[in-house]
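What follows is the residue order along each chain.
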Amino acid sequence: MALKIVKGSIDRMFDKNLQDLVRGIRNHKEDEAKYISTCIDEIKQELKQDNIAVKANAVCKLTYLQMLGYDVSWAAFNIVEVMSSSKFTYKRIGYLAASQCFHESTDVIMLTTNQIRKDLSSPNQYDTGVALTGLSCFVTPDLARDLANDIMTLMSHTKPYIRKKAVLIMYKVFLKYPESLRPAFPRLKEKLEDPDPGVQSAAVNVICELARRNPKNYLSLAPLFFKLMTSSTNNWVLIKIIKLFGALTPLEPRLGKKLIEPLTNLIHRIYLFFSQILHHLSAITLVCFSWLIAFLFFITVLISLSSGMPNHSASIQLCVQKLRILIEDSDQNLKYLGLLAMSKILKTHPKSVQSHKDLILQCLDDKDESIRLRALDLLYGMVSKKNLMEIVKKLMLHVDKAEGTTYRDELLTKIIDICSQSNYQYITNFEWYISILVELTRLEGTRHGHLIASQMLDVAIRVKAIRVFAVAQMATLLDNAHMLTGNTQRNGICEVLYAAAWICGEFSEHLENPMETLEAMLRPKVATLPGHIQAVYVQNAAKLFATVLKSQEGNTDSTTAQEASQLMIDRLPLFVQSANLEVQERASCILQLVKYIQKLQQKDVEVSEEVCALFAGELNPVAPKAQKKVPIPDGLDLDAWINEPPSESESEDEQPKAIFSKEEPKHSRPRHTEVDEKELARRREARKQEQANNPFYIKASPSSQKVYQETPGVEHIPVVQIDLSVPLKVPGLPMSDQYVKLEEERRQKERAEKKKKDKKKRKEKRSGRGKKHDSGPESEEDITPAHMVDIVTEEMPENALPSDDDERDPADPHKKSSKHKKKKQKREKEDKEKKKKKKHHHHHHHHGDKGGEESVQNGTVEEEEPLPRRLISVMLTFIFLFYSFDRKAYDIQGNLQDGSQVVVSVIFENKCDSFLKSMEFNVLDSLNSKLQRPEGSGPHDSLTIPFQLPPGVSNEARFVFTVQSIIMPQKLKGTLTFIVKNEESSTHEKLDFKLHFTCTSYLITTPCYSDAFAKLLESGDLKSSSIRLEGVNMPFHHLLARICFHHHFSVVERIDSCASMYSRSIQGHHVCLLVKISSQTVSVDAKCDEPTLLGNVLDEIKQTFSQC
Amino acid sequence: MIKAILIFNNHGKPRLIRFYQYFAEDMQQQIIRETFHLVSKRDDNVCNFLEGGSLIGGSDYKLIYRHYATLYFVFCVDSSESELGILDLIQVFVETLDKCFENVCELDLIFHMDKVHYILQEVVMGGMVLETNMNEIIAQVEVQNRLEKSEVRPFLSSSKSFPLIYVFGFSQVSAIKYSLSVL
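Protein chains in written order, with the UniProt record's numbering: chain P, 1 to 1108; chain W, 1 to 183.
In isolation and in its complexed conformation, chain P is listed as follows (with noise of 0.2 Å):
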């Protein structure tokens, strides 16, 4: 015995320990890798002894190695070895090996089971935690499964040390078994009120984790948090506390009420405290750090309340308040923090962190790319019309400086996210917005180069007056690509080049020298472009050539076309011979087609146009919501089972709801339903296919789209013409610098009409006129794009149902034929005409005595001719005196449709000088009308407008109700709330309102021939009425005419100064009057086979003359 622990000694003697194998290493600077594989040879060696002592220090000096990156798993089982020694100082080294080296694949894992349960049992409590530290760096479902009784057991150990130990360990065990969950919940819930501290620590710890993943089944344990938060004096428990109610209070509104109070007083409390400290010292130190943590985590919370309750604006003020002297101070770590939170309030206050702007700016030039990172996130809420290109020339200055790829990539995404927010809301030149982009492909090294690239194809298809810009540039884009593709081939910025030569190809008309980029485009080193990229140049290469062919039409001298044809000829066969399948199949293709055009143009054969019909019609982007606005035909029940489903045959037991959510999964689904989304997906694939093949898709038909979709829209709104002297064709890469000088003038230019336009309605002195808005401070929304931009929206598809959460009218008053546009626009000239006489009393003019009745018919039929037959169009005119700071006129046109349905046109025009937003309109139903409203709102809801309204901007709704009786004029009381918004504030403003639905808006004008109309009084069904209207001093024609205007009449004959007049209501009833003027008295009878009807027509016909 004595013996063989003298040969133990002596072999410990040979052996080196941890500290001799660092200093070996150390010493072997220069062959380190061989000394230690030495090292492994002696460790192999020591393992293989029976000495624990030996085994234990070779397990410790493998531990080293593994932290030098050595995979030291091969010794896995000699890891075990030690840990089952009796000897805590080695069971020690070996729980620490294994919490190194073992993972979830580990086979050895398995042999230890029983070891650590007699470790976890083992009368020496550090016996037990060094098992209890090692299982929770390796634990594995098994281990999990095996062991979860008796951690659970230990929960509930004498001491403290093991307590909090085990109820820590507890986390991981759920998350690999998560049916331990429920049977230890009430045990770990148990342990919030332990009277050590640590272990309710622990406790906190491991349920704020489980509440991180499944918040909503710990609302119950919030009365129990909230006890522990007044009472805890530690920090770490009251900061995890702090973050559960954050993630709680969503879910329930009334506990967010109940912790405001005390929250907002400890925050001053607490920051009273912070900032006497902060007086008293110049940095920040370990005693009041732990005050901060608890401070800012106040605010953390704070911010998630009140985002479920919008009537803590004053805590939220307080609360940025305070974050602005942190972010202010001079240490970084605060001002990374204020940043932090600040983000956090701009999701749901952005208002009040949008005065803070000048600070926000401020940080993005600091040195700290942290901070910088931060302050860009914020940016994203804190642009405007105004200061975009501002901020983004700080950030284009910041992209040049950046010297890591990470931050200028992260740039590059801010730049383009800022920008393209909310449809573009922020662009005022698309121009500079192009060049921007263009200037961005020259960052090398890029990842982002498919982000630009789409940010190019977006802009050219839906911006169309910037086209023509857009095509100059990726020309000379084209046209350097040598620049781009210089580098590498892993450079992400040649993506950029699929965007340019697909503007290129699908715009060629704009092109100025398409021979020359067509050049471009097929030179070799095209060839080693990605694939996807060459088959793009391919295809456009071919768009261009028609393009060239084309122009050079009718052209005597053919030489230019013929030069184009060689040069495909001569070009394509590179790409033929490309290893990228949709490349040689282009490129066959095409070689082919032009082989062929040049065999007819030397036979002086005219083919442009057989070529350009190849490339004909215009690719339009499709709304990626169009799919789920494809209504559902009638008769079609989508949930119906086509084949009956195959019967349940096994049932599973319902399991009860878990607290834990992963208990959830998988089990309880039934199979089928899987095997039905597949189907599904296949089906959905399937239409996708047949929709995409389908050339009617995308296309949806003018007459659709009217009824819904029609605005007045940008075209209306007065382009200001300025003479940009553009510096376009400066060759090579445009400079975005330009255009914030150019901006700057315009706006100065526009600020000067605007004093002037100002200046003029000042003289005509207008009474009402609320406020003048002066030059002053230029504010936000006096900012009017460059040149009109109409930007493109995506198309919707055919009887697309508009709803509440359409951002925009999904219109696109291009695709409409443009006598339909004249039209429309004609009717707006007459609404505006009406408008004017009956605000300032003037005569409706009409010129000429002759021509006035001539002038009378035309504009009736006019009125009807383009409507289809059972649209008729109403006019209601409205005039409301709005709120007290400006005065806002509605035009009401309402459309019929059927004889129910009536579909009221509403213009919004905005004349105060604030923004107006979030506008929703509403109606109190009478019995006979009822606003329609989308199918699953309550009779009471009201309709969100799906648009905003910048100052001086107007823009159409429409409404459809559903009328039963029309024999009676209407009144509807109705509200409209939205919020008013300027730079300083916003304010939820109510309009009250009255739709007067007169009983001559459900008369349609109706042409009638004097035959019919003599057939139709003598048949004896209608009644007859009359009225006389004295003193009415205005031309017999005059009056016909306003009669046909106003109440929809049309003339049947007319002899001298007697006048027959027809019209019909939308449910069919005939109206007939004779009108007799003699001296200034009117007198009408009146024939219809409603007598109510008519007598209301008639009090309305008095009305309208009574007022001139």
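You may find that some hints are simply not true.
Unchecked claim - 27 Å max Cα-Cα, derived BS3-like pairs, lysine-lysine:
1) P:Lys189 - P:Lys227
2) W:Lys149 - P:Lys87
3) W:Lys115 - P:Lys29
4) W:Lys41 - P:Lys401
5) P:Lys917 - P:Lys628
6) P:Lys973 - P:Lys930
7) P:Lys44 - W:Lys115
8) P:Lys29 - W:Lys41
9) P:Lys16 - W:Lys149
10) W:Lys13 - P:Lys34
11) P:Lys625 - P:Lys595
12) P:Lys971 - P:Lys930
13) P:Lys1102 - P:Lys1076
14) P:Lys625 - P:Lys464
15) W:Lys149 - P:Lys159
16) P:Lys48 - W:Lys41
17) W:Lys99 - P:Lys159
18) W:Lys13 - P:Lys394
19) W:Lys115 - P:Lys16
20) P:Lys917 - P:Lys347
21) P:Lys44 - W:Lys13
22) W:Lys13 - W:Lys99
23) P:Lys159 - W:Lys115
24) W:Lys115 - P:Lys118
25) P:Lys550 - P:Lys595
26) P:Lys29 - W:Lys13
27) P:Lys118 - W:Lys149
28) W:Lys41 - P:Lys414
29) P:Lys16 - W:Lys13
30) W:Lys115 - P:Lys87
31) P:Lys367 - W:Lys41
32) P:Lys917 - P:Lys385
33) P:Lys48 - W:Lys115
Derived from the structure by calculation, the hints contain no laboratory data.
Knowing the structure of chain P, use the given hints to seat chain W on it.
Below, chain W without anything else, positioned relative to chain P:
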């Protein structure tokens, strides 16, 4: 949750690594290199928080670090941890090391990696904060050290009964003594 704790020196040499999520050894080394690269280029007077490590976690993860003389202490944490809290924790950890090693320096960490691990185990367990009270941590570490000594002492006393000095000469014995005192 804490994903990983890395301690390395100004040259990026690891002094302690503790991953609470499994990564293969080469990946671990890569993470250390990347982290070192990110952290080392930052000035001392900038903030202690860093986003953008691509290897661990992604966007939800943050590096919170402190630089003490020649060593960087880096904690990689997810969003459930508070930034200042972790910063405080690093301080607690370093102060504990300072107490246990009596004016800790890089060499202590180099030669006693195992001991540093044992101390860390009393602060963080399985990625979750176990104890933040420095006195409590030190007390537990000391109890365990005493326990270890009591286990090793009998061996020491029994081996001392043999006149080793005659067998191996003085230098060898001092080596033993050194190694034992360290343990």
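Against the structure, the hints come out as follows:
1. P:Lys189 - P:Lys227: holds, 14 Å
2. W:Lys149 - P:Lys87: holds, 11 Å
3. W:Lys115 - P:Lys29: Given pair W:Lys115, P:Lys29 holds - Cα atoms ~24 Å apart, limit 27 Å.
4. W:Lys41 - P:Lys401: Given pair W:Lys41, P:Lys401 holds - Cα atoms ~16 Å apart, limit 27 Å.
5. P:Lys917 - P:Lys628: holds, 25 Å
6. P:Lys973 - P:Lys930: holds, 11 Å
7. P:Lys44 - W:Lys115: Roughly 23 Å separates the two Cα atoms, so the pair holds.
8. P:Lys29 - W:Lys41: It holds: about 25 Å lies between the C-alpha atoms, which stays within 27 Å.
9. P:Lys16 - W:Lys149: Status holds; Cα separation ~20 Å.
10. W:Lys13 - P:Lys34: holds, 18 Å
11. P:Lys625 - P:Lys595: violated, 43 Å
12. P:Lys971 - P:Lys930: Between P:Lys971 and P:Lys930 the Cα gap is close to 12 Å, so the pair holds against 27 Å.
13. P:Lys1102 - P:Lys1076: holds, 14 Å
14. P:Lys625 - P:Lys464: OK: P:Lys625 and P:Lys464 at ~22 Å, within 27 Å.
15. W:Lys149 - P:Lys159: Holds, because 22 Å separates the two Cα atoms, which is no more than 27 Å.
16. P:Lys48 - W:Lys41: violated, 46 Å
17. W:Lys99 - P:Lys159: holds, 25 Å
18. W:Lys13 - P:Lys394: violated, 39 Å
19. W:Lys115 - P:Lys16: Holds, at about 18 Å.
20. P:Lys917 - P:Lys347: holds, 18 Å
21. P:Lys44 - W:Lys13: holds, 25 Å
22. W:Lys13 - W:Lys99: holds, 24 Å
23. P:Lys159 - W:Lys115: holds, 23 Å
24. W:Lys115 - P:Lys118: Given pair W:Lys115, P:Lys118 holds - Cα atoms ~25 Å apart, limit 27 Å.
25. P:Lys550 - P:Lys595: holds, 17 Å
26. P:Lys29 - W:Lys13: Holds - the C-alpha atoms of W:Lys13 and P:Lys29 are around 13 Å apart, at most 27 Å.
27. P:Lys118 - W:Lys149: Between P:Lys118 and W:Lys149 the Cα gap is close to 23 Å, so the pair holds against 27 Å.
28. W:Lys41 - P:Lys414: Roughly 23 Å between the alpha carbons, so the hint for W:Lys41 and P:Lys414 holds.
29. P:Lys16 - W:Lys13: Cα-Cα ~22 Å, so holds.
30. W:Lys115 - P:Lys87: holds, 17 Å
31. P:Lys367 - W:Lys41: Answer holds: P:Lys367 to W:Lys41 is near 12 Å, not above 27 Å.
32. P:Lys917 - P:Lys385: holds, 16 Å
33. P:Lys48 - W:Lys115: holds, 25 Å
In terms of the numbered hints stated before, the structure departs from hints 11, 16, 18, listed from lowest to highest.
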